[in-house]
Amino acid sequence: MTDIYSQQKKNRRTTVLLMLGFFVFVILVGLSVDAYTYGTIDLTARLPVATIFAFGLASINSFTSYFYGSSIVLRSLGASPLKFEDQSHKRFRNVVTEMAIASGLPMPKVYVVADPAPNAFATGRNPANSAVVVTQGLLDSMNREEIQAVVAHEMGHIKSFDILTMTVVTVLVGTVSVLSDWAIRTWRYGGIRPRRNLKDRGGIHPLILFLIGFFVLLSPLFSRIIAMSVSRNREYQADASAAEFTRNPLALASALRKISSHTSPLIKARRATAHLFISDPLKRKLDDKEGLVADVFSTHPPIEERIKRLEAMAYVRT
Amino acid sequence: MAAIIVLVVIGLIVIWAILAYNGLVTLRNQVENAWRQIDVQLKRRYDLIPNLVNAVKGAMEFERDTLERVMNARAKAMGAQGVHDKSAAEGLLTRAIGGLFAVFENYPDLKSSKNVLELQEELASTENRISFARQFYNDLVARFNIKQDVFPTMLLAALFGFKKAEYFQAEEAASTPPKVDLGMK
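Protein sequences appear in the order of chains A and B.
For the first sequence, the numbering used here assigns the number 133 to the initial residue and increments by one for each residue that follows.
For the second sequence, the numbering used here assigns the number 746 to the initial residue and increments by one for each residue that follows.
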């Protein structure tokens, strides 16, 4: 791990690879379900109905949230516009303007959530329709440079279209879960019985069929692991962008320390919105761990690792 | 067969030339736009300074030359033309304002005045905006200039007469450290 630019390059490559892998994975799951239900690997024989159907369903679902999601999120978290008689709000607005200049992005809308737990998030489908939201606790507990670093992290998300990336990820996760749900249901209730008349249908070896079924059963777990690694990778990338905009990675490191030392969770945060924040608002224990459980559930990388990478950008020897 | 290969190669070169040329033009426009963004922030600073000076003038009778230095630097910066002169003059102005903020420490009632505090936040923010706009501009200039230096884009840049953009430097401010007066009164 070295300077800002090589970290950014590495993160970009990781995201591209993960997304490519994810697409291949979804196609494999879809084809498996089709192969299992039709009992043949020869896919030229029929349209892969299950794959197309599941992908369509998941797309409709996620792209509605892509277009209308941000106003829903803002309302559900109780985000309110700034009050200019409050000096801290004025300063926050100034900081956002500064970061819009540093990142070369249009000025996003700004909101504050009245909650003492320091945290922040960005939303909006593209830079022209974006919003940056912080909690009052963040404005009260941090100095100017730390607020600047946090805002820069959010601008980093906006600049690299992370909301779009995560929407695509949601589509893929949704596709896999629709597929596996559908497959398990039909197999269990015997709507389609692939094992019967195997030989007539061109015949897959029972063992291979069993493996395919097993793969489909476990696929939601795998898709979750990929999705969470994309999410964590985007966090590292936004940290690196924050360092690029402010040229002050240590300010973000100290902001992250302050956020993590505050132990109470954000009141209105839910699991569905947790991945939007700069640091897990639910304060789940597993965020500080690595391993299988964290791989499946953790939207954010461990704070310590993030701080370590930020210090590397500032050439701090540890 | 050979003719087809030659045609394909020529076609690829033409496509590359179009893309590279457009890339250069886009960057040149972005550099110009970034420069205008700096200008917007500089104007904002020119407008804020008289407000601040008026707000503190009464309380700071004895700091006449500090205030005068700020106003003079402002006048000089407003008159400066071109990237090079402008960056030199602005460097001086930044230093003069820094000197004014340092003197504030000696006036407790100024530091606690809400009006002055607000102006100070506005000016500090403007200082930041200028330096971030400058950072953004300089990054673009670096990308633009590198493109004109690397092979094979350099051929195209030379052919169409692209000129390198100038960095906005804070040379005056950086080369001589600001004087800090620690004299006790």
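Hints are supplied without guarantee of correctness; some may be wrong.
Derived DSS-like pairs: lysine-lysine, alpha-carbon spacing no greater than 27 Å straight-line [stated by the list, open to error]:
#, chain 1, residue 1, chain 2, residue 2
1, B, Lys908, A, Lys222
2, B, Lys892, A, Lys241
3, B, Lys856, B, Lys908
4, A, Lys215, A, Lys440
5, B, Lys831, B, Lys859
6, A, Lys440, A, Lys222
7, A, Lys241, A, Lys215
8, A, Lys291, B, Lys821
9, B, Lys802, B, Lys856
10, A, Lys222, A, Lys142
11, B, Lys788, B, Lys892
12, B, Lys892, A, Lys215
13, A, Lys222, B, Lys802
14, A, Lys222, B, Lys892
15, B, Lys859, A, Lys141
16, B, Lys859, A, Lys215
17, A, Lys241, A, Lys142
18, B, Lys892, A, Lys142
19, A, Lys141, A, Lys400
20, A, Lys400, A, Lys390
21, A, Lys222, B, Lys909
22, B, Lys831, B, Lys856
Here are the simulated distance ranges between beta carbons [claimed, not checked]:
#, chain 1, residue 1, chain 2, residue 2, range
23, A, Ser138, B, Leu757, 27 to 33 Å
24, A, Leu214, B, Asp894, 40 to 46 Å
25, A, Asp135, B, Lys821, 33 to 39 Å
26, A, Ser138, B, Tyr912, 21 to 27 Å
27, B, Asp894, A, Lys215, 49 to 55 Å
28, B, Leu757, A, Leu214, 37 to 43 Å
29, B, Leu757, A, Lys141, 24 to 30 Å
30, B, Ala869, A, Glu436, 47 to 53 Å
31, B, Ile755, A, Arg145, 31 to 37 Å
32, A, Tyr137, B, Tyr912, 53 to 59 Å
33, A, Tyr200, B, Phe846, 26 to 32 Å
34, B, Ile755, A, Ile316, 56 to 62 Å
35, A, Lys215, B, Pro897, 19 to 25 Å
Partial chain B-side listing against chain A, Cβ under 10 Å, derived [claimed, not checked]:
#, residue
36, Glu777
37, Ala779
38, Gln786
39, Asp854
40, Ser857
Hints in this document: simulated from the structure, not taken from any laboratory.
Idealized CB from N, CA, C, for every residue including glycine.
Hints versus structure:
For a cut-off of 27 Å, the pair hint linking B/Lys908 to A/Lys222 is broken: about 41 Å separates their Cα positions. Only pairs whose Cα atoms come within 27 Å are accepted, and B/Lys892 paired with A/Lys241 is rejected, the gap being roughly 35 Å. About 48 Å separates the Cα atoms of B/Lys856 and B/Lys908, which puts this hinted pair outside 27 Å; it is violated. The hinted pair formed by A/Lys215 and A/Lys440 fails the criterion: a straight-line CA distance of about 36 Å is larger than 27 Å.
Only pairs whose Cα atoms come within 27 Å are accepted, and B/Lys831 paired with B/Lys859 is rejected, the gap being roughly 33 Å. Pair hint A/Lys440 plus A/Lys222 does not hold up; C-alpha atoms about 32 Å apart against a cutoff of 27 Å. The straight-line distance between the Cα atoms of A/Lys241 and A/Lys215 is roughly 13 Å, inside the 27 Å bound, and the hint therefore holds. With a CA separation close to 37 Å, the supplied pair A/Lys291 and B/Lys821 exceeds the 27 Å bound.
Distance hint between B/Lys802 and B/Lys856 is fulfilled; the C-alpha atoms sit about 14 Å from each other, no more than 27 Å. Distance hint between A/Lys222 and A/Lys142 is unfulfilled; the C-alpha atoms sit about 37 Å from each other, more than 27 Å. For a cut-off of 27 Å, the pair hint linking B/Lys788 to B/Lys892 is broken: about 31 Å separates their Cα positions. For the suggested pair B/Lys892 and A/Lys215, the alpha carbons sit about 45 Å apart, so the restraint of at most 27 Å is broken.
For the hint pairing A/Lys222 with B/Lys802, the CA-to-CA distance comes to about 25 Å; that is within 27 Å, so the pair holds. For the proposed pair A/Lys222 and B/Lys892, the alpha carbon gap of about 40 Å is over 27 Å, so the pair is violated. For the hint pairing B/Lys859 with A/Lys141, the CA-to-CA distance comes to about 46 Å; that exceeds 27 Å, so the pair is violated. Taken as a hint, the B/Lys859 and A/Lys215 pair is honoured in the structure, with Cα atoms around 17 Å apart against an allowance of 27 Å.
At most 27 Å may separate the alpha-carbon atoms for a hinted pair to count; A/Lys241 and A/Lys142 exceed this at roughly 30 Å. Taken as a hint, the B/Lys892 and A/Lys142 pair is honoured in the structure, with Cα atoms around 22 Å apart against an allowance of 27 Å. Of the supplied pair hints, the one linking A/Lys141 and A/Lys400 is violated, its CA atoms being roughly 35 Å apart against a limit of 27 Å. For a cut-off of 27 Å, the pair hint linking A/Lys400 to A/Lys390 stands: about 20 Å separates their Cα positions.
A threshold of 27 Å between alpha carbons decides the hint, and for A/Lys222 with B/Lys909 the separation of about 39 Å lies outside it, so the pair is violated. For the hint linking B/Lys831 to B/Lys856, the alpha-carbon distance of about 31 Å lies beyond 27 Å, and the restraint is violated. As the Cβ distance of A/Ser138 to B/Leu757 is approximately 31 Å, the hint placing it in 27 to 33 Å holds. In this structure the supplied range 40 to 46 Å holds for A/Leu214 paired with B/Asp894, their Cβ-Cβ distance being about 45 Å.
For the pair A/Asp135 and B/Lys821, the beta carbons lie near 38 Å from each other, so the given range of 33 to 39 Å is met. Taken as a hint, the range 21 to 27 Å holds for the pair A/Ser138 and B/Tyr912, whose Cβ atoms sit roughly 23 Å apart. Separated by about 50 Å at the C-beta atoms, B/Asp894 and A/Lys215 satisfy the suggested range of 49 to 55 Å. In this structure, B/Leu757 and A/Leu214 break the distance hint of 37 to 43 Å, their C-beta atoms being roughly 53 Å apart.
Taking 24 to 30 Å as the suggested C-beta distance range, the pair B/Leu757 and A/Lys141 conforms, at roughly 27 Å. Look at B/Ala869 against A/Glu436: about 32 Å separates their beta carbons, and that is not inside 47 to 53 Å. Against the hinted window of 31 to 37 Å, the Cβ-Cβ separation of B/Ile755 and A/Arg145 comes to about 33 Å, which satisfies the hint. Between A/Tyr137 and B/Tyr912 the C-beta distance comes to about 19 Å, which lies outside the given range of 53 to 59 Å.
Distance hint for A/Tyr200 and B/Phe846: a CB-CB separation of about 47 Å, inconsistent with the stated range 26 to 32 Å. In this structure the supplied range 56 to 62 Å holds for B/Ile755 paired with A/Ile316, their Cβ-Cβ distance being about 57 Å. Between A/Lys215 and B/Pro897, the C-beta spacing of about 56 Å breaks the proposed range 19 to 25 Å. Look at B/Glu777: its Cβ only gets to about 13 Å from chain A, farther than 10 Å, so that hint breaks.
Taking 10 Å as the C-beta cut-off, the interface hint given for B/Ala779 holds, the closest approach to chain A being about 7 Å. A least Cβ separation of about 7 Å between B/Gln786 and chain A falls short of the 10 Å threshold, and the interface hint therefore holds. For B/Asp854, the interface hint is violated, since its Cβ never comes within 10 Å of a Cβ in chain A; the closest pair sits about 18 Å apart. The interface hint given for B/Ser857 is violated, since its Cβ lies 13 Å from the closest Cβ of chain A, which is over the 10 Å cut-off.
When each numbered hint is compared with the structure, violations occur for hints 1, 2, 3, 4, 5, 6, 8, 10, 11, 12, 14, 15, 17, 19, 21, 22, 28, 30, 32, 33, 35, 36, 39 and 40.
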